[in-house]
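Chemist: Here's the letter readout for the chains.
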Amino acid sequence: MNPVDLNPLGLTGYAYWLPVVGTGVVGLAVAMYVVLDGFDLGVGILFPFYPQEADRDQLMNSVAPFWDGNETWLVLGGTWLLVAFPLAYSIIAPALYVPLITMLLALVFRGVAFEFRWVAKPHHRKWDVAFAAGSTVAAFAQGTMVGGILNGFRVDGQQFAGGPLDWLTPFSLMCGFGLIVGYAVLGACWLVMKTAGPVEVRARQYARPLLLGLLAFIVLVSVWTPLQFKHIAARWFGDLHLLYLSPVPLLTAALAASCWRGLNPTGRHSTLAFYSAVGLFIISFVGLAISTLPYLAPPSINLWEAAASPSAQTFMLVGTTVLIPFVLGYTVFVYHTFRGKVRPGEGYH
Amino acid sequence: MESDALLLSRIQFGFTISAHIIFPAFSIGSSAFVATLLVLWKRTGRDHYHRLARFWTKIFAVSFAMGVVSGIPLSYELGTNWSRYSLATGNVVGPLIGYEVLTAFFLEATFLGIMLFGWSRVPSWLHVTSAVLVALGTMISGFWILAANSWMQTPAGHVMHNGIAIPVDWLRVIFNPSFPYRFTHMMTAAYLTTSVVVLAGGARYLLEGKFEEEARTMLRMGVGMVAILGPAQLFFGDQHGLNTLEYQPAKVAAMEGHWENNGPAALVLFGIPDQDRELNHAEIAIPRLGGLILKHDLNGRYAGLKDFPKADRPPVFPVFFAFRIMVGIGVLLITLGLIGAFLWSRRKLFTTRWYLQAATYSWPVGFIAILAGWVTTESGRQPYVAYGIVRTADALSPVGVATVASSLIAFLLVYTVVFSIGIYYIRRLVLGGPKPAVIAHEPVHQGLPNRPLSLGTQPTERTAGHAPEGGSAPTEART
Chain A
1 MNPVDLNPLG
11 LTGYAYWLPV
21 VGTGVVGLAV
31 AMYVVLDGFD
41 LGVGILFPFY
51 PQEADRDQLM
61 NSVAPFWDGN
71 ETWLVLGGTW
81 LLVAFPLAYS
91 IIAPALYVPL
101 ITMLLALVFR
111 GVAFEFRWVA
121 KPHHRKWDVA
131 FAAGSTVAAF
141 AQGTMVGGIL
151 NGFRVDGQQF
161 AGGPLDWLTP
171 FSLMCGFGLI
181 VGYAVLGACW
191 LVMKTAGPVE
201 VRARQYARPL
211 LLGLLAFIVL
221 VSVWTPLQFK
231 HIAARWFGDL
241 HLLYLSPVPL
251 LTAALAASCW
261 RGLNPTGRHS
271 TLAFYSAVGL
281 FIISFVGLAI
291 STLPYLAPPS
301 INLWEAAASP
311 SAQTFMLVGT
321 TVLIPFVLGY
331 TVFVYHTFRG
341 KVRPGEGYH
Chain B
350 MESDALLLSR
360 IQFGFTISAH
370 IIFPAFSIGS
380 SAFVATLLVL
390 WKRTGRDHYH
400 RLARFWTKIF
410 AVSFAMGVVS
420 GIPLSYELGT
430 NWSRYSLATG
440 NVVGPLIGYE
450 VLTAFFLEAT
460 FLGIMLFGWS
470 RVPSWLHVTS
480 AVLVALGTMI
490 SGFWILAANS
500 WMQTPAGHVM
510 HNGIAIPVDW
520 LRVIFNPSFP
530 YRFTHMMTAA
540 YLTTSVVVLA
550 GGARYLLEGK
560 FEEEARTMLR
570 MGVGMVAILG
580 PAQLFFGDQH
590 GLNTLEYQPA
600 KVAAMEGHWE
610 NNGPAALVLF
620 GIPDQDRELN
630 HAEIAIPRLG
640 GLILKHDLNG
650 RYAGLKDFPK
660 ADRPPVFPVF
670 FAFRIMVGIG
680 VLLITLGLIG
690 AFLWSRRKLF
700 TTRWYLQAAT
710 YSWPVGFIAI
720 LAGWVTTESG
730 RQPYVAYGIV
740 RTADALSPVG
750 VATVASSLIA
760 FLLVYTVVFS
770 IGIYYIRRLV
780 LGGPKPAVIA
790 HEPVHQGLPN
800 RPLSLGTQPT
810 ERTAGHAPEG
820 GSAPTEART
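Chains A and B, in that order, give the protein sequences.
With the working numbering, letter number 327 in the first sequence gets 327, and the count goes up by one each step, no holes.
In the working numbering, each residue's number is its place in the second sequence (first place is 1) plus 349.
To be clear, the hints were calculated from the coordinates, so they are not data collected in a lab.
One should not assume that every hint holds.
[Claimed, not checked] With the Cβ distance kept under 7 Å, some of the chain B side facing chain A (calculated, not the full set):
| no. | residue |
| --- | --- |
| 1 | 440 |
| 2 | 450 |
| 3 | 459 |
| 4 | 610 |
| 5 | 612 |
| 6 | 749 |
| 7 | 752 |
[What the hints assert, rightly or not] Label pairs and their calculated CB-CB ranges:
| no. | chain 1 | residue 1 | chain 2 | residue 2 | range |
| --- | --- | --- | --- | --- | --- |
| 8 | A | 333 | B | 366 | 31 to 41 Å |
| 9 | B | 754 | A | 289 | 33 to 43 Å |
| 10 | B | 367 | A | 125 | 25 to 35 Å |
| 11 | A | 198 | B | 353 | 48 to 58 Å |
| 12 | B | 512 | A | 17 | 22 to 32 Å |
| 13 | B | 761 | A | 310 | 56 to 66 Å |
| 14 | B | 780 | A | 125 | 44 to 54 Å |
| 15 | A | 310 | B | 512 | 14 to 24 Å |
[Claimed, not checked] Listed next, the in silico DSS-like pairs over lysine-lysine satisfying Cα-Cα at most 25 Å (straight line):
| no. | chain 1 | residue 1 | chain 2 | residue 2 |
| --- | --- | --- | --- | --- |
| 16 | B | 644 | B | 655 |
| 17 | B | 784 | B | 559 |
| 18 | B | 559 | A | 121 |
| 19 | B | 784 | B | 391 |
| 20 | B | 644 | B | 559 |
| 21 | B | 391 | A | 121 |
The beta carbon of each residue, even a glycine, is placed where N, CA and C say it ideally should be.
The shape of chain A in the complex, shown without the other chains:
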């Protein structure tokens, strides 16, 4: 990587490292969000493929105790971006206005469906639709935002200077569809791990073609990205970078293979597929980070320029360092409490 890229402002010490740590926290929050809310959005995306009411009850029960906690990572990611990088936040949010608002409204529909569906029974069909459509649209919108960030933003001074549909390109649409498929894989693998009976059997059937679809999208993104973005191509193929970055595709292939193995119809493995799919998401996320950092609002605003005042970052970092272990601790606790498979006809309501 070009040394200028790694320290464009010539900063030293605290001023240099604080925003780097902040980027790490934002990255952690976004990665946690994508993986955790990814599987429960994925369960929503798969809803239409389970037409039976009892199956749908089981699907929903498998994620009901977790979804709120999962979605909180989205708020943490957005808030940390505001805290640590107000400039990046104030450029990215208006630039992605349309997909952001679309995602938020979609999350409204799917979020309330968790409670409304039970209260409305037996007239709950509309909340089935709201849950499935909300999950799918939210996933699509998030994918287009990833594409939009890779596309970069037109910036004038400290403000976004582009139009409301700048994010809308064939590439970003492809990312949107790709993320729907990706979340569906996570959701299907979650169901393999967390449900029993016919729901699990069908999840295994759905998951393998979905996994192939996801791999097709990964290949497509990997070919399209360097063709579309010269600076990313330079990052990937310049000097010895190809050698340094070669673990990324190799790990992707290995994780895909183990995910495939975990979906064996004999039901030998129940957790392997899910953890492999999580691994696939993490490695894709790392690939994305390698391609865009240190730019937070590409192509011009890097993380040091975007950084907040040291007092704001320090205050936030102290709290995060102290509190994140607690948050992770009781996240583990709630997953442990609701461990094991949800069986047909069994629920918490």
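The hints should help you fit chain B onto chain A, whose structure is shown.
Modeler: This is chain B only, laid out in the frame that chain A set:
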């Protein structure tokens, strides 16, 4: 064009935040109610507390879900619509919201899962603890978000650098001058509003002759809370007003419809404020009473709207009327609580039909008062978004009018449909009342208590032994 986008963005934020605040206010109150019921049940072992707790947990869950999904858009709207506000104040406001997420949102979300779905999965002491932690989480959430809002009203602990507020003293940022008053006033409002709903629900059951044991408990707890919190809120509100007079005098002048500072201040009871002609039409005022209330002195004077440049005055009409609506409802609720307490002391609370009838209609008024109060304080802060730091007109994102118009229409449609249905569901749940038969069968029917892991993991702690019948499952089976 920018002024149109500004107006639409203001309408959008006002609409989305108004729709939001209803649910957290109710969640703060109902989570505390559920936690109280569960603690009472653990201490007394009386079944009807448990039935009530289960029943109110369902109501709380629906409200909480709506609070969550209507809250997330707000944190992103700060960027989508108010990016220049975010840039100017993000260093201060951002960490406050960040601490809310870390200390409150995760706590609530995690233990909510156990509170809603852990009835027979975890030992009862842990379930009760989870309910208490959720209630605590809603309070902590209120703490941080009201600190952020109060800082926007009465900023402190920062320095301005190139138009950007840089925090220098976090304690002064958090405990800024209006924060203790606003926090007390709003939390009391949340508990008071929920207590009125509890009171109204209990009154309705009694009138219909249903769920008598639960209804009496709801009525007693509701009346007790309203009789204490109503008068307390009058005092807190007065203190808050005095604090506002000190730090945001233009807001108080607008609340009071007070234009001229030319002698002992009168109290305007009614009038129609006219921003352009700088006077009130059809004014009814009591001489010297304004000075007495705000300065505790019959000759008291305070700044009138004309003491501020026109460009620095808040819109008087909405502030003036919203304030009157809030105070009017406050007086009504004090009356409701005190009459109830009087009837209770005469042992006539459960039999005085006219009182019960009046009480059943009172359930929404607390929410209206909360909305009116927020309109008062937020409109009263205008023309600033962060008082004295950023004007609302300078806070807008570079977004086009068509974009904002589209999102505003989408928000209006979605929120109106989804939240109307949600409020309808809550109403239906409340009217349906606690259903003992369903509760008794539910866990057995779904087979959860029989699952080995739910009982096998039950620790043999001292507190678990204190549970009536050793846990929740046998108690339910008995009801």
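Chemist: Work down the list of hints and note, for each, if the structure agrees.
Modeler: Now the hints, each set against the structure:
1. 440: Nearest chain A Cβ about 4 Å off; hint holds.
2. 450: 5 Å, holds
3. 459: This hint holds: residue 459/B lies near chain A, its Cβ roughly 5 Å from the closest one there, short of 7 Å.
4. 610: Violated. Min distance 40 Å.
5. 612: It is violated, given that the least Cβ distance between residue 612/B and chain A is near 47 Å, above 7 Å.
6. 749: 6 Å, holds
7. 752: 4 Å, holds
8. 333/A x 366/B: 31 to 41 Å: Holds: the Cβ-Cβ distance is about 33 Å, inside 31 to 41 Å.
9. 754/B x 289/A: 33 to 43 Å: Holds: the Cβ-Cβ distance is about 36 Å, inside 33 to 43 Å.
10. 367/B x 125/A: 25 to 35 Å: 30 Å, holds
11. 198/A x 353/B: 48 to 58 Å: Holds - the Cβ-Cβ distance for residue 198/A and residue 353/B, about 55 Å, lies within 48 to 58 Å.
12. 512/B x 17/A: 22 to 32 Å: 27 Å, holds
13. 761/B x 310/A: 56 to 66 Å: 41 Å, violated
14. 780/B x 125/A: 44 to 54 Å: The hinted range 44 to 54 Å is violated for residue 780/B and residue 125/A, with Cβ atoms some 23 Å apart.
15. 310/A x 512/B: 14 to 24 Å: Since the Cβ atoms of residue 310/A and residue 512/B sit about 18 Å apart, the hinted range of 14 to 24 Å holds.
16. 644/B x 655/B: The hint holds at about 19 Å.
17. 784/B x 559/B: It holds: about 11 Å lies between the C-alpha atoms, which stays within 25 Å.
18. 559/B x 121/A: 23 Å, holds
19. 784/B x 391/B: 20 Å, holds
20. 644/B x 559/B: 51 Å, violated
21. 391/B x 121/A: Distance of about 32 Å is beyond 25 Å: violated.
Hint compliance for this structure: hints 4, 5, 13, 14, 20, 21 are broken, all remaining hints hold.
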